[in-house]
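These two chains come separately, so use the hints to put the complex back together.
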Amino acid sequence: MIRIENISKCFGERKVIDNISFEFFKGKTNLIIGESGCGKTVLLKMMVGLLVPDTGNVYYDGVDFHALDEKGKQTVRAKIGMLFQGGALFDSMTVEENVMFPLDMYTDWTKEKKLERVNFCLQRVKLEGRNHLYPAELSGGMKKRCALARAIANNPEYLFCDEPNSGLDPKTSIVIDQLIQDLTREFNMTTIIVTHDMNSVMEIGENIMFIHKGKKWWEGHSNKVLNSGNKELMDFVFASEFLKKVFHTS
Amino acid sequence: MLQVFHHIGKYFLLLKRVFARPQKWSVYRRQISYEIESIGISSLPIISIISMFMGGIITIQAAFGFTSPWVPLYAVGFTTRESVLLEFSPTVISLILAGKVGSNIASEIGTMRITEQIDALEIMGINSASYLILPKILASVIIFPFLIAISMFLGLLGGYLMGVSSGACTGYEYIYGIQAFFEPWKLYYSFTKVEVFAFIITSVSSYFGYFTTGGALEVGKSSTRAVVYTSILILFFGLIITNLFFNR
Chain A
1 MIRIENISKC
11 FGERKVIDNI
21 SFEFFKGKTN
31 LIIGESGCGK
41 TVLLKMMVGL
51 LVPDTGNVYY
61 DGVDFHALDE
71 KGKQTVRAKI
81 GMLFQGGALF
91 DSMTVEENVM
101 FPLDMYTDWT
111 KEKKLERVNF
121 CLQRVKLEGR
131 NHLYPAELSG
141 GMKKRCALAR
151 AIANNPEYLF
161 CDEPNSGLDP
171 KTSIVIDQLI
181 QDLTREFNMT
191 TIIVTHDMNS
201 VMEIGENIMF
211 IHKGKKWWEG
221 HSNKVLNSGN
231 KELMDFVFAS
241 EFLKKVFHTS
Chain B
1 MLQVFHHIGK
11 YFLLLKRVFA
21 RPQKWSVYRR
31 QISYEIESIG
41 ISSLPIISII
51 SMFMGGIITI
61 QAAFGFTSPW
71 VPLYAVGFTT
81 RESVLLEFSP
91 TVISLILAGK
101 VGSNIASEIG
111 TMRITEQIDA
121 LEIMGINSAS
131 YLILPKILAS
141 VIIFPFLIAI
151 SMFLGLLGGY
161 LMGVSSGACT
171 GYEYIYGIQA
181 FFEPWKLYYS
191 FTKVEVFAFI
201 ITSVSSYFGY
211 FTTGGALEVG
221 KSSTRAVVYT
231 SILILFFGLI
241 ITNLFFNR
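Chains A and B are the protein sequences, given in the same order. Throughout the first sequence, residue numbering follows the numbering used here, covering 1 to 250 in sequence. Throughout the second sequence, residue numbering follows the numbering used here, covering 1 to 248 in sequence.
Derived from the structure by calculation, the hints contain no laboratory data. By construction, the Cβ of each residue, glycine as well, lies at the ideal position given by its N, Cα and C atoms. Just to be clear, a hint being listed does not mean it is correct.
Unchecked claim - Label pairs and their computed distance ranges (CB to CB): (1) A:K111 - B:P22: 17 to 27 Å; (2) B:P22 - A:H132: 24 to 34 Å; (3) A:D18 - B:L244: 54 to 64 Å; (4) B:P22 - A:G229: 38 to 48 Å; (5) A:D54 - B:P22: 26 to 36 Å; (6) B:K16 - A:G229: 51 to 61 Å; (7) B:P145 - A:E5: 50 to 60 Å; (8) B:V4 - A:D54: 23 to 33 Å; (9) A:K215 - B:E218: 29 to 39 Å; (10) B:E183 - A:T107: 25 to 35 Å.
Here chain B stands alone, though its shape is the one from the complex (with noise of 0.2 Å):
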């Protein structure tokens, strides 16, 4: 337990670190754009692919879950959009992300911690803590969002592909049905959710891979510990906001 504590006081020393006054933004701001491009972009690919399927997936599940003759063919597209808009694209996108940019952000800085890389920072006069992490979640809460946003639109336009082309339900239905009952705070609600999330991801992975001592093993050690502590928070916090949001 105490352990526990002394981590969490660990990496609040070390966000403060983070946040103090950059030395130069117009490197920080270089070093903003590329992590953009290495945090988000590269992400592209993987968000897709999974959001299209999942899409597909909870659309065929919809419909054979509706087998009463009074449910409204509609709700197929309704039950795609709750599920994608609320959880899975905010949720268990951020999961996935944890696992791919988690990991690559832990096994960066710990790779740098025990090549002597953060020694030379720190030896330049540089804040090192700074340097390599305030870029990081600047870019991941500026680019998270988005990528969000667009595993949203694949995840709709999957389930619509899948729903019609399996006969589960008209265009005109799912249509209809995404856009029935639909509430813009829901929306608010899951973008809150990944703008925290995209935060846990970035600061804690970093935490782990700032502090690495040892060799190649310790960082894949912290590597996978990043992974599991943030998957870990993203369903705490998830489960924190949903019940700040919902419990109205």
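This is chain A alone, in the form it adopts within the complex (with noise of 0.2 Å):
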């Protein structure tokens, strides 16, 4: 479980996070979902490390994460997977390489068990044979896959996404968050999705928190946002014409 506490981030004069807390649950495909430029993804990295918060802390089962050194916050991160909104991977190396670096890194395993595992993943993502292709060789949705494939190579603990639809096609998009919530149960991890997708919130979100201003805003189940009465969330809900006229007509 993943617990953030009185979060709060400036960039000079303006708050981008103020005051944030919430509890991220493991098992869990938890979602944090706002319109653009709301601090979805600075949030986000600050939860990762890649950014400090200027108040406020985040837990990871109970190990407040930047009060660690930078070994502890090394040992914290060898357990957590991300999925870049870009996918991130690695342009020189090919998708085989890309899934097996976090197990060069990390484990002592032989080449053949290490090519096993990789092989594991890329099964699970569906991108087996594709092993030696390079990404620039790859569709949008076929990279996100193999990133995500990285993410889980090493059996995290904590996985974050960070916009894993963008750009993809509607189908594609229900592809990839099937694919995470499957996993997230599979290996019972503590999963933090970043979105504005609205398919992947109806679909998967079994732990929201809406950001709206740099504040939490609304927090709860998917089933729960339609009868939610919070006027913010229902206009980033339905933000087109078209869905109103749906949800009021049915």
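Next up, the structure:
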């Protein structure tokens, strides 16, 4: 479980994250949602240590992450897998080398054992047989799936996904969402997804935090979103006139 | 002025991270081999072409300058050797490598920065500065002396071919000239320069790439800045080392 407590962050005069506290549960797909520029990615980066919060703490299973020294942070980070918005695959490495990279760094396994694990991960994300392709030869969806395979290669306890569906068509988005949810349950990970994709919210949101103007505005399960009575959340969910009409008609 | 000190401080803090104990030597060894190929071996064709032609040009210019009958013809070989060994191969080739290798390193690391590949390394708990930069520094420090030695040989060979074919001197006079009054410490001086330049080219270019922010435009700017500052530093340190060796 990951817990954040009274997290705030300013860039110059602008307060991007304002005193947010929340708990992200193990074995569940936890979602951070909100409109573009509301501070979702900043919050995610503070949680993984790429940014330091001005105030507040991040606890990984009770351990205060930002109070740790560099070695302690590295130990926690070794348990983290992250899926970046653009995939962040290493261009100079093949699919196989990308997925094997965390294993090279953190295990003393034989080449055969590492390859076995790589093939298992690639098969889980339906990329088997693509071992020797380079990132430049993959489509957007394949890149995301390859990045997901790399993220789970080292059996992480915590999985972070930054906009996993950005730039993907609705069908591929659903495949990626489903994959993340399946993997979360299969490996009992604490998964945190930053998104503004409403399909994801409704399909896989088991524990949702809605951020508006840098503050936590609403929290709950996806099945409570439509009856939340929260004006800002409803405006966010039904951003298009078409969806509003569909909702009111139904 | 304050900006200069800011950059110098930031550069040394980066170096501190670069020279932290590597997390896994086996991975680093593989990276060093890859960088030796990428930085060194791939530069061989351009270095060979430039060295051959420059050797020939220096020989022709030397022969053209020595019009007095009192100057022996072996002076052509002597002059070519001094020019190639002392300045052309270590300094001019390093400047060319600053353009080729330096811009390549800055744009490679800069692109990794803006596409979040460096963030990915950090989140995996890997010291990204050390993983990305240390193998490049070690590879260049290992391979540059070999490249420069090849450049020296080809420069002298180019001079020989041009000198003999143009009739500026005979083969015997040229060979005698390149052996005349040879002082081995000058080679030591040249290779000291090469090692310093190799370190400057890779570390300064990596610095500009590593701290790139923004998008593709900034990657281009980092790459240009890397070449400009590396070239200035090569000349500056060349002057210092020359002073140290020759003002004895």
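Review point. Taking 24 to 34 Å as the hint, is the beta-carbon distance of P22 of chain B and H132 of chain A inside that range?
Key: For P22 of chain B and H132 of chain A the Cβ distance comes to about 28 Å; the hint holds.
Review point. When you take the CB atoms of K215 of chain A and E218 of chain B, is the distance between them in 29 to 39 Å?
Key: 32 Å, holds
**Study point:** Assessment of proposed distance window 17 to 27 Å (beta carbons of K111 of chain A, P22 of chain B)
**Key:** 20 Å, holds
**Study point:** Pairwise beta carbon distance, P145 of chain B to E5 of chain A, judged against the given window 50 to 60 Å
**Key:** Because 56 Å falls inside the window, the suggested range holds.
Review point. How does the Cβ-Cβ distance of P22 of chain B and G229 of chain A compare with 38 to 48 Å: does it lie in that range?
Key: 56 Å Cβ-Cβ, so the 38 to 48 Å window is violated.
Check your understanding: Could one say that the CB atoms of E183 of chain B and T107 of chain A fall in the range 25 to 35 Å?
Key -> Taking Cβ atoms as reference, E183 of chain B and T107 of chain A lie about 54 Å apart, which means the hint is violated.
Exercise for review: With 26 to 36 Å as the target window, see if D54 of chain A and P22 of chain B comply at their CB atoms.
Suggested key: 33 Å, holds
Review point. Falls inside 23 to 33 Å, the C-beta gap from V4 of chain B to D54 of chain A?
Key: 30 Å, holds
**Study point:** K16 of chain B paired with G229 of chain A, Cβ distance criterion 51 to 61 Å
**Key:** Holds - the Cβ-Cβ distance for K16 of chain B and G229 of chain A, about 54 Å, lies within 51 to 61 Å.
Review point. Per the hint of 54 to 64 Å, is the separation of the Cβ atoms of D18 of chain A and L244 of chain B within bounds?
Key: 58 Å, holds
Comparing the model with each numbered hint stated earlier shows that hints 4, 10 do not hold.
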